[in-house]
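Chemist: Here is what each chain is made of, one letter per residue.
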Amino acid sequence: MKLSALLATTALAAALVATSAYAETVKLYTWREQEIPLWKYISDSKVLGDIAIEVVQVNSDDYDSKIRIDLQSEGPDLFQGRAGAAWLSSFVDAGIVKPISTDLSGIAPAAIDAGRGADGQQYGVPFAIQMQSVIYNTKVLADNGIDVPKSMDEFTAAADKLKAAGIIPVNFGARSGWWLNQVVGETMTAGLVPDDFAAKLVSGEACFTDPTFVATLQTVKDWQDKGYINSSAMADDYGAMRTSVALGESAMMLDGVWSTGPTSPMFEIDPDLKMGFFPVPGANAKVYAFGDGTYLLNSATKHAEAAQKVLDFTATKAFAELFVKYVGELPAYGGEYTVEDPRLKEVAGMIAANSSSVTPFFAYALNKGQPSYGTLVSDGYGALLSGSASPEEVARKIQDGLNSWGYVGAANCK
Amino acid sequence: MALKYNQKANLQRIALLAPGVLLYGIFNFAPLLGLFWVSLVEWPGIGPMKFVGLDNFATLFGNAFYRDQLIKAFANNLIFFFIIIGSMLILGTAIALLLSFRSWGRNAYRIIFFLPYPLAGAAVAFLLEMVVRTRGPLNAMLKNFNIIEQPIAFLGDPNLALATLASFYSWHRMSFAIILILSAIVGVRVHLIEAAMLDGAKRWATLKAVVFPVLAPAFVLITVIVMVDVFNNADYTLILMGPEGGPVRSTDIMGTFLFRSAFGGSATSTSVNFGMAAAIGLFTALLILPAALFLALRNLRRKD
Numbered sequence: 001m002k003l004s005a006l007l008a009t010t011a012l013a014a015a016l017v018a019t020s021a022y023a024e025t026v027k028l029y030t031w032r033e034q035e036i037p038l039w040k041y042i043s044d045s046k047v048l049g050d051i052a053i054e055v056v057q058v059n060s061d062d063y064d065s066k067i068r069i070d071l072q073s074e075g076p077d078l079f080q081g082r083a084g085a086a087w088l089s090s091f092v093d094a095g096i097v098k099p100i101s102t103d104l105s106g107i108a109p110a111a112i113d114a115g116r117g118a119d120g121q122q123y124g125v126p127f128a129i130q131m132q133s134v135i136y137n138t139k140v141l142a143d144n145g146i147d148v149p150k151s152m153d154e155f156t157a158a159a160d161k162l163k164a165a166g167i168i169p170v171n172f173g174a175r176s177g178w179w180l181n182q183v184v185g186e187t188m189t190a191g192l193v194p195d196d197f198a199a200k201l202v203s204g205e206a207c208f209t210d211p212t213f214v215a216t217l218q219t220v221k222d223w224q225d226k227g228y229i230n231s232s233a234m235a236d237d238y239g240a241m242r243t244s245v246a247l248g249e250s251a252m253m254l255d256g257v258w259s260t261g262p263t264s265p266m267f268e269i270d271p272d273l274k275m276g277f278f279p280v281p282g283a284n285a286k287v288y289a290f291g292d293g294t295y296l297l298n299s300a301t302k303h304a305e306a307a308q309k310v311l312d313f314t315a316t317k318a319f320a321e322l323f324v325k326y327v328g329e330l331p332a333y334g335g336e337y338t339v340e341d342p343r344l345k346e347v348a349g350m351i352a353a354n355s356s357s358v359t360p361f362f363a364y365a366l367n368k369g370q371p372s373y374g375t376l377v378s379d380g381y382g383a384l385l386s387g388s389a390s391p392e393e394v395a396r397k398i399q400d401g402l403n404s405w406g407y408v409g410a411a412n413c414k
Numbered sequence: 001m002a003l004k005y006n007q008k009a010n011l012q013r014i015a016l017l018a019p020g021v022l023l024y025g026i027f028n029f030a031p032l033l034g035l036f037w038v039s040l041v042e043w044p045g046i047g048p049m050k051f052v053g054l055d056n057f058a059t060l061f062g063n064a065f066y067r068d069q070l071i072k073a074f075a076n077n078l079i080f081f082f083i084i085i086g087s088m089l090i091l092g093t094a095i096a097l098l099l100s101f102r103s104w105g106r107n108a109y110r111i112i113f114f115l116p117y118p119l120a121g122a123a124v125a126f127l128l129e130m131v132v133r134t135r136g137p138l139n140a141m142l143k144n145f146n147i148i149e150q151p152i153a154f155l156g157d158p159n160l161a162l163a164t165l166a167s168f169y170s171w172h173r174m175s176f177a178i179i180l181i182l183s184a185i186v187g188v189r190v191h192l193i194e195a196a197m198l199d200g201a202k203r204w205a206t207l208k209a210v211v212f213p214v215l216a217p218a219f220v221l222i223t224v225i226v227m228v229d230v231f232n233n234a235d236y237t238l239i240l241m242g243p244e245g246g247p248v249r250s251t252d253i254m255g256t257f258l259f260r261s262a263f264g265g266s267a268t269s270t271s272v273n274f275g276m277a278a279a280i281g282l283f284t285a286l287l288i289l290p291a292a293l294f295l296a297l298r299n300l301r302r303k304d
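Just so you know, the sequences run in chain order G and A. For the first sequence, the positions run 1 to 414 when our numbering is used. For the second sequence, the positions run 1 to 304 when our numbering is used.
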């Protein structure tokens, strides 16, 4: 045979062998890059037998759109979903996800609600417990002789010092809509709004136009007016914000603990980067913890058995330990598992001791109609940061938006 | 059986038109009819369709949340369109005129001007975004020459973002306008120009009297094509600013509004509706249809 033909046949044979190395391939869609090493390990080491898991990672800003487009055709067998009944509702109503049969007895109670639908049934297996707070570059604060602020006055003093040194005190990546509502909105609320008031906001007894809530918006506005926030906040997205902190150009940012995991792109910029956490030191001074989301099974999958096997595995202790090792985040597993990483130990401690118990962003009562609380907060912070609305006007818009579909507090808060 | 001449001519006509009609019918007209149907249902893109009649239109025009977005998107789109068509027609004519004279390096210029057109929209979007970034070369150059202190947020400032995107579009599609206008200019009969010159008209007067009237069909063609493209597509906005339409919806145009209703935005959307998107699409088509017809018919009537 001619050499080229021989080479071609060998290549083809190799390709065939490679694809038949696994009996089945299950496609998992996620927005989280940090999951890729985990699933690669599970696939390569054949933890689940002859099942290969192919991870399709989509940018968080585009995830919602892409998942809906792909679900119309072959699409994912498994996909990660954001937490909360509101996000799940459209998928539940469409029959894409069905109540799962997986044993969830091992999942931590704090995370179990992530997969609960509006009807109270479980539709997915929760994955990480995340913490959102102020994340700071320890080297930048240390170089400028600043300690972790314990009160808003200390925070302002620290910001002034940083500004004088030519460093951006707090970086905002306001182009990313999901970051504005899920991270900024909630972290500011957890830091400045007392838990009982926040609970009343969700139940409708308290109104968003109340100064207690407006304080969250006012504080951000004050930061902007004092020049603590990067001037290009509206042009910078989530990635640019993290880059700035990683480079040491900014000291602090409002972000989630996922950015400090070993696979975080921040470490590609600075491998020696060290980061710390503290709550927004306001009246409530708590960090924000939540079940990040769930693993969901696409009911139209062609690999039902294999996908179900993968899904069941995600609720086990073995998975939890792999999760800690390869993703570097706290899993949703509630039982005992080994955590050696001091950073994760610190985060787990903060979550246990000092996290807010109220999560308006995930509350079904606030998000089941359009415009949802999430959408209103995202638009609101955008308007606030671009100077087109004052904090009171933003709060008014949020209240009016929620009233327009008659949320639980519509009668109480005109 | 021998066919009469008329019958043969008719058959020929039908046979020649058939492929075009079939293609257009299957890929353009049939989906358009389907659009009417989809606008009457509520469908999140997955699962069953729910017939809701004219509810989508009622929500679109009745609910303040949607109506405000619709008006803003349409206003933005108009601004977007006028900036683009203004720059394409004015700059396009200027450049085409320059190219029509026997200037040195004319062919090289022609190639350079045409280069952006075959590039993919996504490539152009990313390329130009890198240029106008806060850390990008444009801001660096402006800072270098001490024109500005702080970098200008071309895509971050709600007042500038739309104009920036419009300039991206113009840069990309400029050669389309240039070629059409140039071919119209070149088609001007030379002896008319000579006659005008003999009568003592200066260059500018000659242009005004002889060349510009001939450009009218080209202008109309460019306007109609650009109008349909700008109102229906939103590649630059979607790629660069996402479905939410950039800083506080300042770059939200009909295309992004439609996309957002169908597939959800970036801020964790909980309810999406293809029916609403179809309603928006129909509304857009209805809005630009009169303008397109008016322009096209006006031009036809002009022909003698």
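Take the hints with a grain of salt, since some may be wrong.
Unchecked claim - Restricting the straight-line Cα-Cα distance to at most 27 Å, the calculated cross-link-like pairs of lysine-lysine (DSSO-like) are:
#, chain 1, residue 1, chain 2, residue 2
1, G, Lys66, A, Lys72
2, A, Lys72, G, Lys397
3, A, Lys143, G, Lys163
4, G, Lys98, A, Lys143
Simulated from the structure, these hints should not be mistaken for laboratory data.
Chemist: Does each hint fit the structure? Answer for all of them.
Modeler: Evaluated hints:
no. : hint                  : verdict
1   : G:Lys66 <-> A:Lys72   : holds, 25 Å
2   : A:Lys72 <-> G:Lys397  : holds, 17 Å
3   : A:Lys143 <-> G:Lys163 : holds, 21 Å
4   : G:Lys98 <-> A:Lys143  : violated, 57 Å
The earlier numbered hint that this structure contradicts is number 4, and it is the only one.
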